[in-house]
Every structure is written in structure tokens, then in C-alpha cells.
Amino acid sequence: MSQIFVFVDDSIESSLPKVAMEMAASLSKTYSKQICLLSVSESDQDFESKSSLLRKLNAECVASDFRVLKRDEDFTEFMEQTEASMLLFQVKDNRSQVMSYLKLCRGLRIPYFFCREEHNVSFSNILVPITFLIEDREKGPFASSFGRFYSAGFHMCFTDG
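Residue numbers (our numbering): 287 to 447.
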């Protein structure tokens with residue numbers, strides 16, 4: 287079954303990314319998808335500690351599963367194998383953090399969202415970046431579903447890639 291993944295970052299030691307979880311809960315209800323917590327480990331020892339942290343966090347929230355990905359595993363391949371439907375990141379005001387997440391998601395063909403702790407969860411306005419890449423045609427059905435389910439307005443942003 288496809289799931290909505292919520293990325294749990296190293297900087298979040300013992301708490302959930304609350305806004306990302308709120309977004310995931312809304313998306314989960316709308317699209318009838320389960321929620322899965324996701325983290326990336328640096329080593330085998332880190333893998334065990336992240337697994338226990340995610341197990342603890344998973345017991346506190348609406349997520350139905352959790353996964354820890356080892357650093358040497360291919361992120362894009364992992365997301366395709368698990369049939370991820372969406373990916374959510376809660377970020378701080380840290381440009382390098384956002385850039386590292388964008389690099390991580392470069393090969394993904396699923397929607398991914400960024401939110402901050404101070405955001406209110408609302409899908410009333412959606413920004414859809416459009417380039418001349420062939421894969422941009424996949425954005426249409428996704429964007430239209432936001433219009434249908436959330437009565438969202440669209441803002442198109444045309445770029446040259």
C-alpha cells in the first residue's frame with residue numbers, strides 16, 4: 287500500500303515534526319493513505335538508535351509505520367520500492383538543510399512538501415513550478431486533485447529548468 291512519508295530529521299531528537307504530521311494527517315484523510323515516519327541513518331549504531339526513536343515517536347502519533355534508511359541505500363529506489371505517494375519535510379530557516387533535501391529528492395517522481403514550524407496547514411493556494419521537462423506533465427493531475435479536494439487556487443511559476 288502506498289504511504290505518505292514524513293521525514294524525521296536528526297535535529298528532532300525526541301519530538302515529532304508537528305506541522306509536517308498535521309499536513310500528513312490531512313493528506314492521509316483526503317487521499318486514504320497511511321502515514322509512515324522516515325529517517326536516514328549514518329551507521330549501524332545510528333540505525334538502531336533511530337529505529338528506537340521512531341518506534342517511540344510512532345506510538346505517539348497517527349502514523350502506521352516507520353522506516354529507517356541506511357545512508358548507503360539509494361533514496362529514490364527506496365521510495366519507489368515502498369510505493370511512496372508523497373513526502374513531507376519540516377525545515378528550519380536553514381538554506382543548506384533545504385538544499386540537502388532538494389538534492390535527496392532530485393530523482394523522485396512524487397510530490398514532496400516543505401513546511402516550517404510556524405506554518406498553518408492550509409492547501410488554499412498551491413504554487414506549481416513548471417519547466418520544459420517531460421516529467422512536468424505529471425504535475426497536472428496532482429495539482430487538479432488539490433483543486434478538487436481542497437478547493438485550492440493555483441499559481442503557476444514558469445522556469446527554464
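If you are wondering where the hints come from, they were derived from the structure by calculation, not from laboratory data.
If you're wondering where the values come from, they're calculated on a predicted model, not measured in any experiment.
Just to be clear, a hint being listed does not mean it is correct.
To be verified - List of simulated lysine-lysine pairs, BS3-like, C-alpha gap at most 30 Å:
no.: 1; residue 1: Lys378; residue 2: Lys425
no.: 2; residue 1: Lys319; residue 2: Lys425
no.: 3; residue 1: Lys319; residue 2: Lys378
no.: 4; residue 1: Lys342; residue 2: Lys315
no.: 5; residue 1: Lys342; residue 2: Lys425
Verification of the supplied hints:
The hinted pair formed by Lys378 and Lys425 meets the criterion: a straight-line CA distance of about 26 Å does not exceed 30 Å. Using a Cα cut-off of 30 Å, the hinted pair Lys319 and Lys425 holds, with the two alpha carbons roughly 19 Å apart. A C-alpha spacing of about 26 Å is found between Lys319 and Lys378, which places the hinted pair at or below 30 Å, so the restraint holds. For the hint linking Lys342 to Lys315, the alpha-carbon distance of about 23 Å falls within 30 Å, and the restraint holds.
Between Lys342 and Lys425 the CA atoms are separated by roughly 35 Å; this puts the pair beyond 30 Å, and the hint is violated.
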